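Engineer: Using the sequences and the hints, build the whole thing.
What follows is the residue order along each chain.
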Amino acid sequence: MSHRIAARGAEVTLEHLTKRYGSAAPAVDDVSLTIRPGEFMTLLGPSGSGKTTTLNMIAGFVEPTTGRILVDGKNVAKLPPHKRDIGMVFQHYALFPHMSAAQNVAFPLQERKVSKAEVASRVSEALELVQLGHLADRLPRQLSGGQQQRVALARALVYDPPVLLMDEPLGALDKKLREQLQVEISRIHREVGTTFVFVTHDQEEALALSDRIAVFNNGVIEQVGTAEELYEQPKTLFVAEFLGKSNVFVGTAQGETLTVGDVTLRLPRPESGSRALVVRPERMRLHPDAPQPPTAGNALHGVVSNHVYLGSEHRITVELGTGTSVTVTETAAARSDARPGDSVWITWEPQDSSVIPA
Amino acid sequence: MPDRVLRGGFLLRCVAALVAGLLVAPTLVVIPLSFTGKASFAFPPEDWSLRWYRNFFTSGAWAESLLTSLQVAVVVAVVATAIGTAAAVALSHVRFRAKGLVTGMLLTPIVVPQIVTAVAIYSAFLTWGLAGTLPGFIAAHVVLAIPYVLIAVSSSLQGYDTRLDQAAAILGATPWRRFRRVTLPLILPGVLSGAVFAFVTSLDEVVIAFYLQSPTLRTLPVKMFSSVTVETDPTIAAASSLLVVFTTAAILLPQLLRRDPARSRNSGGQP
Numbered sequence: 001m002s003h004r005i006a007a008r009g010a011e012v013t014l015e016h017l018t019k020r021y022g023s024a025a026p027a028v029d030d031v032s033l034t035i036r037p038g039e040f041m042t043l044l045g046p047s048g049s050g051k052t053t054t055l056n057m058i059a060g061f062v063e064p065t066t067g068r069i070l071v072d073g074k075n076v077a078k079l080p081p082h083k084r085d086i087g088m089v090f091q092h093y094a095l096f097p098h099m100s101a102a103q104n105v106a107f108p109l110q111e112r113k114v115s116k117a118e119v120a121s122r123v124s125e126a127l128e129l130v131q132l133g134h135l136a137d138r139l140p141r142q143l144s145g146g147q148q149q150r151v152a153l154a155r156a157l158v159y160d161p162p163v164l165l166m167d168e169p170l171g172a173l174d175k176k177l178r179e180q181l182q183v184e185i186s187r188i189h190r191e192v193g194t195t196f197v198f199v200t201h202d203q204e205e206a207l208a209l210s211d212r213i214a215v216f217n218n219g220v221i222e223q224v225g226t227a228e229e230l231y232e233q234p235k236t237l238f239v240a241e242f243l244g245k246s247n248v249f250v251g252t253a254q255g256e257t258l259t260v261g262d263v264t265l266r267l268p269r270p271e272s273g274s275r276a277l278v279v280r281p282e283r284m285r286l287h288p289d290a291p292q293p294p295t296a297g298n299a300l301h302g303v304v305s306n307h308v309y310l311g312s313e314h315r316i317t318v319e320l321g322t323g324t325s326v327t328v329t330e331t332a333a334a335r336s337d338a339r340p341g342d343s344v345w346i347t348w349e350p351q352d353s354s355v356i357p358a
Numbered sequence: 001m002p003d004r005v006l007r008g009g010f011l012l013r014c015v016a017a018l019v020a021g022l023l024v025a026p027t028l029v030v031i032p033l034s035f036t037g038k039a040s041f042a043f044p045p046e047d048w049s050l051r052w053y054r055n056f057f058t059s060g061a062w063a064e065s066l067l068t069s070l071q072v073a074v075v076v077a078v079v080a081t082a083i084g085t086a087a088a089v090a091l092s093h094v095r096f097r098a099k100g101l102v103t104g105m106l107l108t109p110i111v112v113p114q115i116v117t118a119v120a121i122y123s124a125f126l127t128w129g130l131a132g133t134l135p136g137f138i139a140a141h142v143v144l145a146i147p148y149v150l151i152a153v154s155s156s157l158q159g160y161d162t163r164l165d166q167a168a169a170i171l172g173a174t175p176w177r178r179f180r181r182v183t184l185p186l187i188l189p190g191v192l193s194g195a196v197f198a199f200v201t202s203l204d205e206v207v208i209a210f211y212l213q214s215p216t217l218r219t220l221p222v223k224m225f226s227s228v229t230v231e232t233d234p235t236i237a238a239a240s241s242l243l244v245v246f247t248t249a250a251i252l253l254p255q256l257l258r259r260d261p262a263r264s265r266n267s268g269g270q271p
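As given, the protein sequences belong to chains A and B, one line each in that order.
Going by my numbering, the first residue of the first sequence is number 1, and it counts up by one from there.
Going by my numbering, the first residue of the second sequence is number 1, and it counts up by one from there.
Hints were generated in silico from the structure; no laboratory data involved.
In this text the structure is predicted, and so the values were computed from the model without any measurement.
Check before you lean on any hint, since a few could be wrong.
Claimed, not checked - Here chain A is said to cover these stretches of chain B; the calculated rule only asks that three of the stretch's residues, wherever they fall, bring their Cβ under 8 angstroms from a Cβ of chain A: (1) 62 to 69; (2) 168 to 174; (3) 182 to 191.
Here a beta-carbon is modelled for each residue, glycine too, at the ideal position from N, C-alpha and C.
Structural biologist: And the structure:
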C-alpha cells in the first residue's frame, strides 16, 4: 500500500569527530561510531556529555572542528542542513505555529517540489502513521503536547529520510504520555525501516527503545552496546553507575579473588591489578543466617539500615561492618522480610557480577 | 485584581479623556475649518461649502504636490520596509562585537536633529544631482524611515523562536525559502507596522523635503508651508484634512486587516 515500506535506512559513520569551542575542553572529543542501516541507536548521557552536540553535527547545525560524517559512505560534514536529506524531531516540537498539522507535514514535500496530488496523499498517509488523520486541520496551539510531537514525527518522516534524528523528543511530556509515545516510536521504527538516532539523558527510555546505546560522558563514548550488554557487562565505572543501580567494590585483584580491605570477594574470571566489582541490586539475595555449608559464591554480613517499599519491589539498604552500604532489591515473590535492625547475610554468585578496571 | 487596575477609577478616566482630547483637538479643529464658506480662518465657520476642496483639486500646484507626496511615501514604505526588515533579521541572527555600533548607526536618523540631516543631504544631493528629483526625495526619506522599520521588526523578532529556522532547514528549505515561508509570516505584524510608520514618516516630513524641492517638484507639506507665507485661504485646511485622512487610514488599515491573522491565513488556501 505504501511507498514507505520500501524506504531503507542509511548507514551513519562518525569518524574521529571533534568539536571545540574556543580553548575549553572539547565538547565532543574524537568520537567514532558506526550506526547500522535501520538501527535504533541511542546517544545516552548526562547534560553536557556531548550527545546533543554530536546529534547537531549530524544534522548540520554545528560544524565539526575535525572529523568526518558519512551517510552511506558519503561525507556530509560540509553540507548545510537543507542539503542533507535527514529528518529531525526536536525536544520542543518546533512546529510552524502559523500552519495547520497537515501544512506542517506538507512543508518538506513542497520544498522538494513534490506534485500537489502526491503531497496530499503522502501527508494523509504520514498523519495516519501517527494516528492523527482526524486532526489534520488543527493549528499546533490547538493540539496537546503529545499530539504536537506526533505531528513533528510525521513531518520528519513524510519525505522518507534515510536517517531520523531525535533530540530528547519526549523530554517535555509527562511520564504516562512518554511511555505511550515510546511504544509508538518503536512501532514506527519497525514500520519505516529508517535509521533512528535518538538522544536522551533518560536511561530507562534508552533501555526500552534502543537496538544499541552509545553512552556519552565528557565528550567521549564510554561504551557502545545493546541494553543488555551495557547493563550486565559495563566496561567502565561510569556506565555501571549511569545505567541502573550498582553496588561497586573497589580493591586489588589476584587470580579469581578481589581483596577489599579485609574482605575477600570472588570474581567471575581471573584478573589482576586494581579492579572494581559491580553487582546489580537484584542479583543479590538476603538471608537471616550465614550460608551453610559455605558456597562457591560471595557472602557478606551486615545490618539492615533502611527499607523502602516501591510497589513492584522492595529496596533494602544494608550497612556492612566496613562502613560501606549495599543496596539489595527484592520482588514480592522472593521477599526475605528483612527489617531495619536485622542482622543479614548478602549473597551472590560470581557469574552474576562484572569486573571493570578501577 | 488586574481587572480593577485596568478599569481604573472615575478620576483616572477623566484625566485620560482630557489628555486624549488635548492631543486630538487641534487636529479636529482643522476639519470643520476646511468646510468653511468664507475666505477666512474664523472658527467656528459661519457657513459651509466644499469650495476649498474644489480649489485644492483644480489648482494644479496643490493636487500635484499631493500626488508627489503619495508617490514618494508609497515607494519609501516599500523600500524602507525591505531594507529595515533585512537589517533587523540579519542583526537578530548574528552575534558580533560591533553589533551595538551597527544598530546605533542605523538608528542615527531619529537621534540627529532633522535640520542637520537636511543640510547634509541637501549639500550631498546638490553635487550628485539628486536635489529636486523624485529619486532624491525617496532616497532621503528612506534613510529617515529605516529606523522605524528596524525597531518595529526587531521587536516582533524578539518573540521569534529561532529553532523554527533549524526545523525548516533540516526539512529541506533554503535560507530564502525559510525566510519566506516561516520567518516572514510570523513577523508580518511587525513588518506591516514598520511599513505604516515608514509611509507616515515620509508623508509628513517637511524639513528635508523643503531643501530638496524644486519649482516643479514639491511635496504636500512643503507646499502647505510655503502657501501660509504667501496666501491665507482655507485651502490649506483642506490639505491638512486630507493628510489627516491619509495618515489615519494608513494606521488603521493593518489593524483592520489583522483582526484574526490565524483565521485569515487559514482560509488563504496555501496547502
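Engineer: All the hints need checking, so say for each whether the structure fits it.
Structural biologist: Here is what the structure says about each hint:
no. : hint       : verdict
1   : 62 to 69   : violated (count 0)
2   : 168 to 174 : holds (count 7)
3   : 182 to 191 : holds (count 3)
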